[in-house]
Amino acid sequence: MDTIAVIFGGRSAEHDVSIITALSSIIKPLELTEKYRVEAIYISKEGAWYWDEKLKNIDLYSSGKIKDFIKKNHPVSLKFDGGLTLIKSGRQRIRSSSLKVDVVFPSMHGTYGEDGALMGLLDMAGVAYVGCDLASSTIAMDKILAKEVAIANQIPVTKFVIANKEEIDKDIASVIKRVTTKLSYPLFIKPTHLGSSIGISRAQDQTALSNGLEVAATYDDMVVIEEEVPNLIEVTLPIIGNDVLTPAMLEQPMTKPEDFFDFETKYLQGGKKGKGKAGKGSQGYSKIPADLPKDLYKKALDLGLRTYQIVGCQGIARVDMLIDSKKGEVYFNEINPLPGGLYAHNWRAAGISSVELVDRLVNMAKERFEKQQKLATTFDTNYLQQF
Amino acid sequence: MQVVVDGILTNYVRQGNGRVVVILHGWGDSSKSWQQLASALSHNYDVVVPDLPGFGATKSPPKTWGLDDYASFIKDFLKKLNISATYCIVGHSNGGAIALRGIAKNIITTDRLILLASAGIRGEYKGRLKALRYAAKTGKLLTSPLPKATKNKLRAKVYQTIGSDMLVAEHLQETFKKVVSDDVRDDAKKIDIPTLLIYGELDQQTPLRYGETLHQLIDHSSLEVLPGASHFLQLDRPDAINSAIQGFLR
Numbered sequence: 002m003d004t005i006a007v008i009f010g011g012r013s014a015e016h017d018v019s020i021i022t023a024l025s026s027i028i029k030p031l032e033l034t035e036k037y038r039v040e041a042i043y044i045s046k047e048g049a050w051y052w053d054e055k056l057k058n059i060d061l062y063s064s065g066k067i068k069d070f071i072k073k074n075h076p077v078s079l080k081f082d083g084g085l086t087l088i089k090s091g092r093q094r095i096r097s098s099s100l101k102v103d104v105v106f107p108s109m110h111g112t113y114g115e116d117g118a119l120m121g122l123l124d125m126a127g128v129a130y131v132g133c134d135l136a137s138s139t140i141a142m143d144k145i146l147a148k149e150v151a152i153a154n155q156i157p158v159t160k161f162v163i164a165n166k167e168e169i170d171k172d173i174a175s176v177i178k179r180v181t182t183k184l185s186y187p188l189f190i191k192p193t194h195l196g197s198s199i200g201i202s203r204a205q206d207q208t209a210l211s212n213g214l215e216v217a218a219t220y221d222d223m224v225v226i227e228e229e230v231p232n233l234i235e236v237t238l239p240i241i242g243n244d245v246l247t248p249a250m251l252e253q254p255m256t257k258p259e260d261f262f263d264f265e266t267k268y269l270q271g272g273k274k275g276k277g278k279a280g281k282g283s284q285g286y287s288k289i290p291a292d293l294p295k296d297l298y299k300k301a302l303d304l305g306l307r308t309y310q311i312v313g314c315q316g317i318a319r320v321d322m323l324i325d326s327k328k329g330e331v332y333f334n335e336i337n338p339l340p341g342g343l344y345a346h347n348w349r350a351a352g353i354s355s356v357e358l359v360d361r362l363v364n365m366a367k368e369r370f371e372k373q374q375k376l377a378t379t380f381d382t383n384y385l386q387q388f
Numbered sequence: 372m373q374v375v376v377d378g379i380l381t382n383y384v385r386q387g388n389g390r391v392v393v394i395l396h397g398w399g400d401s402s403k404s405w406q407q408l409a410s411a412l413s414h415n416y417d418v419v420v421p422d423l424p425g426f427g428a429t430k431s432p433p434k435t436w437g438l439d440d441y442a443s444f445i446k447d448f449l450k451k452l453n454i455s456a457t458y459c460i461v462g463h464s465n466g467g468a469i470a471l472r473g474i475a476k477n478i479i480t481t482d483r484l485i486l487l488a489s490a491g492i493r494g495e496y497k498g499r500l501k502a503l504r505y506a507a508k509t510g511k512l513l514t515s516p517l518p519k520a521t522k523n524k525l526r527a528k529v530y531q532t533i534g535s536d537m538l539v540a541e542h543l544q545e546t547f548k549k550v551v552s553d554d555v556r557d558d559a560k561k562i563d564i565p566t567l568l569i570y571g572e573l574d575q576q577t578p579l580r581y582g583e584t585l586h587q588l589i590d591h592s593s594l595e596v597l598p599g600a601s602h603f604l605q606l607d608r609p610d611a612i613n614s615a616i617q618g619f620l621r
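For the record, the sequence lines run as chains A and B.
Going by my numbering, the first residue of the first sequence is number 2, and it counts up by one from there.
Going by my numbering, the first residue of the second sequence is number 372, and it counts up by one from there.
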C-alpha cells in the first residue's frame with residue numbers, strides 16, 4: 002500500500018483555503034479509495050511542518066485549537082534519502098517515528114506551494130508528486146509570465162500594464178499616468194503571484210486605481226493592471242492529464258464585473274454576493290456547463306487545452322478565460338495549478354467522482370515519476386582525474 | 372474591499388448611493404456584524420463600514436493607539452475613499468467613543484451622530500477596579516509556577532468572568548488599556564450636531580445610565596431605550612435599530 006502525504010497550509014495568504022482543499026477534497030476521497038495509507042502534513046503559517054492523524058480533523062482549525070497543537074508538538078524533520086522521509090520526535094524527544102513517503106499530494110495554494118517552491122523541494126528529494134512541476138507552477142503562478150508565454154504562442158490576452166512595488170511606493174502618479182495612457186477604465190489591479198482573488202481591486206476612476214495599486218503592492222513586488230473585457234462572460238476550465246488531457250466542463254461563474262470574484266465572494270459567500278447561506282465554498286454559484294453558443298464553447302475549450310499544454314501543466318490545473326460575447330473573442334486570463342477544492346463539483350458534473358479524481362491524479366504522478374527516473378541525470382567524465 | 376490607510380491594509384464594506392453614512396464598530400467586533408444594518412441603510416445612503424485597525428480583516432496599528440489615533444485613522448480613511456462630506460456617523464460601543472473624540476476635536480466632521488450603546492464613560496467603578504487590580508497581582512504571583520499555557524487559560528477565564536474585553540483582542544492589550552482609560556465626557560459637551568443615542572435596557576457593558584449621562588452632556592440629543600435589549604443592539608433588535616436610524620436621518 003503506497004503512502005500518500007497530503008501537504009497543506011503553509012506560508013501563504015491562501016493558507017486557510019489550502020486546509021479546506023486538503024481535508025475535504027483530497028484526504029477524504031483518498032481514504033475512500035482504500036488503496037493508500039493517507040498522511041496529513043500541515044505546514045504552519047510560520048513554515049514549520051507537522052505530521053499527525055489529528056491534523057485531518059477540521060475542528061482543530063475552525064476552533065483555533067491548532068495553536069495549542071503547534072505549542073505542544075515538535076515539527077517534523079525532512080530526510081532526503083533517495084526519496085522523502087519525515088521524522089517526528091516524541092513529546093520528550095525520546096521516541097521518534099518516521100514516514101517514508103511514496104507520493105506527495107500538494108494541497109498548497111499560493112506562495113511557497115503552488116508557485117513551484119514546494120515542487121522544487123520535492124524534485125530535490127526525488128519523490129513522486131501530484132500536479133504541475135516546478136517550471137509550469139512558476140509560470141502559472143506568475144500572472145505576467147503566464148501572459149508573456151501566452152502571447153509568445155499566439156494566445157490572446159487582454160491589454161495590460163505592469164508596475165513594481167518600488168515605483169508604486171515612490172511615484173504612484175507616474176504609474177497611474179502610464180496605466181491610463183495605455184489602458185481604459187474599468188481596470189483590474191492584481192498582485193502578480195497570488196490566487197483566490199486576494200488583493201485584487203476593480204477601478205473605474207483614478208482614486209480607485211491609486212488605492213488598488215497600493216493594496217496590490219502590499220501583497221506583491223509586482224502588480225499587473227488589466228483592461229476589463231466588455232460584454233464579459235467569464236469561464237473556467239479544469240483539466241487533468243499529463244500527455245493525454247481530459248477537460249471537465251466549461252464553467253461560468255455568475256458574477257457581474259463589479260461583483261468580480263473577490264476572496265469574500267469566492268469562499269465565504271458561496272460565490273454570489275449577498276447569498277451568504279449558499280455555503281458552497283469555492284464551488285460558488287456558477288453554470289455548468291457554461292451557457293455559450295456551441296462554436297464559442299468549443300473555441301474556449303480548445304484555448305483552455307492549448308494553454309494547459311503550452312504552459313507545460315501536468316496532473317491538474319484550471320484555465321480561466323474571458324469572453325467578449327459580442328465579438329466572440331476568447332482571452333486567456335489566468336492558469337491555476339491547484340484549483341481550490343480541485344473543482345470537484347465540476348468533475349462530478351463531468352462524470353468523474355472525487356474518489357476517481359484523486360486516484361487518477363496519484364496514478365499520473367507515479368507515471369510521470371517513473372518516466373523521469375528513466376532519464377539520465379548523470380554523465381560520466383574523466384574531468385576530475387585531471388586534477 | 373481593501374485600501375491602504377496610513378500604511379495599514381484596511382478592509383471595508385461600501386454599498387448603496389446617496390449621502391454618506393459611516394458605521395464604526397465596537398471593540399472586538401468587525402464590519403461583519405453590521406452587514407444587515409448596512410444593507411438596509413444602503414437603499415437610501417452610501418454606507419461605509421470599515422474594519423477598525425486590529426479587527427476583522429484590517430491589520431493592527433503599528434504601535435499603541437488611543438481614541439485620537441483611531442479618529443485620525445477614520446479621517447484618513449474617508450479621505451482615501453475621496454469622501455469629503457459625511458452625513459452621519461453611527462458609532463457602536465467603542466466606535467461611539469471614537470466618534471465623540473473625533474468630532475469634538477474636529478478631527479472628523481459629520482452632520483449627524485448616532486451613538487449605539489456608546490462607551491467612553493470611564494472610572495465608574497473605581498473601587499471595583501482597585502480590587503480587581505489587587506486580585507490580578509495576587510493571581511499572577513500565585514500562578515507563577517504554572518506552565519505558560521495553563522496560566523494563559525486561567526487568565527482568559529478570569530477576564531471573561533469579570534466581563535473585561537482585555538483579552539478579546541489579545542494582540543491589542545496595550546491599546547485596550549489606553550482606550551478604556553480615556554473618558555469622553557468632556558468631548559460630549561462639545562458636540563453641537565443633532566445626535567441620537569440608543570441604549571439597551573439590559574446592557575451590562577455600557578449601561579443605560581451611560582446613555583443618560585451623554586444625553587445630558589450633548590445638546591440637541593435624544594435618547595431612545597430599547598426594552599429587553601443587551602449591548603449588542605444590532606443583533607438583538609436589528610429592525611428597531613434600523614427604523615430608529617432611518618427615522619432620525621430622514
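Hints in this document: simulated from the structure, not taken from any laboratory.
Glycine is no exception: its CB is placed at the ideal position from the N, C-alpha and C atoms.
Be careful, since some hints might not be right.
As the list claims (entries may be wrong) - Okay, derived cross-link-like pairs now, DSSO-like style, lysine-lysine, Cα gap no bigger than 30 Å in a straight line:
| no. | chain 1 | residue 1 | chain 2 | residue 2 |
| --- | --- | --- | --- | --- |
| 1 | A | Lys-171 | B | Lys-446 |
| 2 | B | Lys-450 | A | Lys-72 |
| 3 | B | Lys-446 | A | Lys-68 |
| 4 | B | Lys-549 | A | Lys-57 |
| 5 | A | Lys-328 | A | Lys-372 |
| 6 | A | Lys-171 | B | Lys-548 |
| 7 | A | Lys-72 | A | Lys-55 |
| 8 | A | Lys-46 | A | Lys-68 |
| 9 | B | Lys-403 | A | Lys-68 |
| 10 | B | Lys-548 | A | Lys-178 |
| 11 | A | Lys-328 | A | Lys-367 |
| 12 | B | Lys-476 | A | Lys-68 |
| 13 | B | Lys-476 | A | Lys-46 |
| 14 | B | Lys-434 | A | Lys-66 |
| 15 | B | Lys-548 | B | Lys-446 |
| 16 | B | Lys-560 | A | Lys-183 |
| 17 | B | Lys-476 | B | Lys-430 |
| 18 | A | Lys-288 | A | Lys-328 |
| 19 | A | Lys-72 | B | Lys-434 |
| 20 | A | Lys-183 | B | Lys-549 |
| 21 | B | Lys-403 | A | Lys-66 |
| 22 | A | Lys-89 | A | Lys-101 |
| 23 | B | Lys-451 | A | Lys-160 |
| 24 | B | Lys-450 | A | Lys-166 |
| 25 | B | Lys-450 | A | Lys-171 |
| 26 | A | Lys-68 | B | Lys-434 |
| 27 | A | Lys-46 | B | Lys-548 |
| 28 | B | Lys-403 | A | Lys-46 |
| 29 | A | Lys-101 | A | Lys-375 |
| 30 | B | Lys-450 | A | Lys-68 |
| 31 | A | Lys-66 | B | Lys-476 |
| 32 | B | Lys-434 | A | Lys-46 |
| 33 | B | Lys-548 | A | Lys-66 |
| 34 | A | Lys-171 | B | Lys-430 |
| 35 | A | Lys-73 | B | Lys-430 |
Stated by the list, open to error - Computed, partial: chain B to chain A, Cβ under 10 Å:
| no. | residue |
| --- | --- |
| 36 | Met-372 |
| 37 | Val-374 |
| 38 | Val-375 |
| 39 | Gly-378 |
| 40 | Asn-453 |
Check: Hint numbers the structure violates, sorted upward?
Finding: Hint check: 2, 3, 4, 5, 6, 10, 11, 12, 13, 16, 20, 30, 31 fail, others pass.
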